[in-house]
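Construct the complete structure from the given sequences, taking the supplied hints into account.
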Amino acid sequence: MKLAFSAADEAFRQEVRAFVRDQLPADIRRKVELGLRLEQADYVTWFNQLEARGWLTPGWPPEQGGPGWTHLQRFIFDEECLLGGAPRIIASGIQMLGPVLIAFGTPEQKARYLPDIRASRTWWAQGFSEPGSGSDLASLRTTAVLEPDGKHFVVNGHKVWTSYAQWCSMMFALVRTDPSAAKPQEGISFLLIDMKSPGLTVRPIRMLEGGTDLNECFLDNVRVPVENLVGELNQGWTYGKYLLGHERTGIAGIGSCKQQLARARQLAGQQGLGDDALLQARLAQFEIELIALEATALRLLARGQRSRVPQVEASMLKVRGTELRQAIYETLLDIAGPDALPFSAEAQFLEFLDAADDAPVAPELASVAANCLDARKLSIYGGSNEVQRNLIAQAVLASH
Amino acid sequence: MDFSLNDDDLALRDAVQRFCEGEYPAPERGNAETPAQAAQRHIALAELGLLGLQIPAELGGSALGPQAAMLAAEQLGRALANGNWLSNAVLVAPLLAEAGSPAQCSEWLRALAAGRLQVALACGEPEARYDLADVRTRARPSADGGWTLSGRKALVLGGDGADLLLVVARTAGDRRDRSGLSLFAIDAGSPGLTRCPVTLLDGRRAAQLDLQGVALAADRLVGPLDAALPLVERAVERANAALCAESAGALEALLAMTCEHLKTRRQFGAPLAKFQALQHRVADMAIALEQLKSMACVAAMALEASDASERHRLASAAKTLTAQLGRQCGLWAIQLHGAMGMTDECRVGHYAKRLIANGQLFGDAAFHLAAFEAARCSNAG
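Sequences listed follow chains A and B, in order. Per my numbering, residue 1 is the first one in the first sequence, and the count goes up by one each step. Per my numbering, residue 1 is the first one in the second sequence, and the count goes up by one each step.
It should be emphasised that the hints constitute simulated quantities derived from the structure, not laboratory data. One or more of the hints may lead you astray.
[Stated by the list, open to error] Covered stretches of chain A (in silico footprint by chain B; criterion: 3 or more residues with CB under 8 angstroms from a CB of chain B, positions within the stretch not fixed):
no. : segment
1   : 153 to 163
2   : 170 to 181
[Claimed, not checked] If you want the footprint, here are the derived chain A segments under chain B, 3+ residues with CB under 8 angstroms:
no. : segment
3   : 276 to 286
4   : 316 to 323
No residue lacks a Cβ here, since even glycine has one placed at the ideal position from N, Cα and C.
So this is what it looks like as structure tokens:
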């Protein structure tokens, strides 16, 4: 047992830190640090930097272009990127579909799709949730019927909460191919769908904080070539579970917690609360909980293998990490105080902030309320925290 | 960072677990112990080598580090073991090894490791709360070159049964000065020393000491004159690290007990385990347990950190969370057991008491939160 990182890991940390410092464009860093909105071009710029360094797809096996890191290197990488103000990796293509195609895709599918994911030429939408199927994903009702000639599926249904669909040219979706299967989890297949297909329309959803990155996707007799089926027919649930279980090293969001805690300390000073004992006690408490979260993540990571953390452990990290982050965001709101109130969707764009001479609050405060509201998603997505607690309790009760 | 255990670690853990199963049968855990039981358990601790875990090999110990202590503490915590190991092996032994003269170490540590001599550390005072520098007990030089001690000591863990007491006393300066403190070894039977036994909330034994002109020879000074505080602080940090591990072990046992209850007890036609409100509490207890285990590791590993304020920062972080989560989970477990959880017969309340007591010993959550913040600021500055 050792508390310190090894010299090699520490050197790796310095290497990542220097890379982020030198390669991340200043305006992107500023947007991230101020909690402002990012354009697609911002993400692509950063992803291309990472890809050029061979670091965009850490969870992929080396033969598919992954860097072959240990779980600890992966952990350090995630943390340093977030601490350095880099945009987070949008998960759907790189962290979700990629590993599924690598594990279950045909050679043709791998050759066709993986290079475009790595080059950020194709953005993938995740077509999982439906209006009637949120936490209970297996109840999904979008259907795919194979045409009599066996060459196309015809897909009908309604997907929702599709992140960044406006930037995506492809979607991976779970669809029901056998409505008469004995269990809802059976009879689901995993399809790749061209977003430009006739019959597929996208409608943005305006959220509380003003963002429109989530969408609804309507599928009306959308024809999908049969070679776009991933793996076997009616085995899609297995691939979906594999996808959700992959790459959980970052699930606790430790880098984000540290980043937001640093932001809170900085803003507290700016707002004249540097000596406020009650606030300082709250921040100290967060910092202690962060030490515990990080040690727990490292312990559980060491117990699992490489980047795959077992379900229960991942659920624990998700619950603790997201709730801590939300608590820090609420504290940011308290630190902003009355300055959290002036609110406009435009004020979440750097261009607007830089142009406005008469902004009612400093740029550092413009997005605090929006960020706090946006952070409510943390305990809702990826299996709500209530579902995670169900899973943890079932496993704990079963093991005693 | 490396949290893995090697074969020696695992062997030690298993040995302590067997000791606990033998000495502390599950249905009796937390019950008051008779003097005969206490004596027998102390000998068994010695025979297993647990008292000498952190004593140099040439003095009969096994010279192991903080992580061995953590593994032992975790198992002892599971069994709600008495406080003798904590007071002798954790609070006193490494302190004596660090501060004592070769003659003192040879005489006392050898006997301590063998279980022939019980030693307790008297570092707290009645009005000092958790401030180790707040010492009003005075040691004045006597004409024969020795010392005369007067004052009162509070909450001396293991102090009621100890043969030898290591007493912190002021040899210079004023009440809360960090310098001017020294450590003295006093025989339990010394004239002028009165011991008042105290049973703590969790059944552990302690004593209040009243010293009225206790005369000591010059060779009873242990360690440097006027500069004992850093040594005592380290001893208390070791104790706190052990308490974190104890609480993790106790919570693990408590969670197992709670799960069993929820699966067996039926209400409204179903086992309690089927009710989601209760399931979510179990989930939160399980998360807390993982955090306590992590913090026990952090506390143990922090003891070896070279930078003092970094050591204080991590130790206080661990103790803060141990106190908060330990108590929270103990009280949740009582709720999950219903009225049965409030009876003396049910083990749950005994575990809750231990978790609460561990949180309040050597600095509670508020104390360590403030200490954490002070260390953080001194690190940052």
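Worksheet item: Which of the stated hints cannot be reconciled with the structure, identified by number in ascending sequence?
Response: When the structure is compared with the hints, numbers 1 and 2 turn out to be violated.
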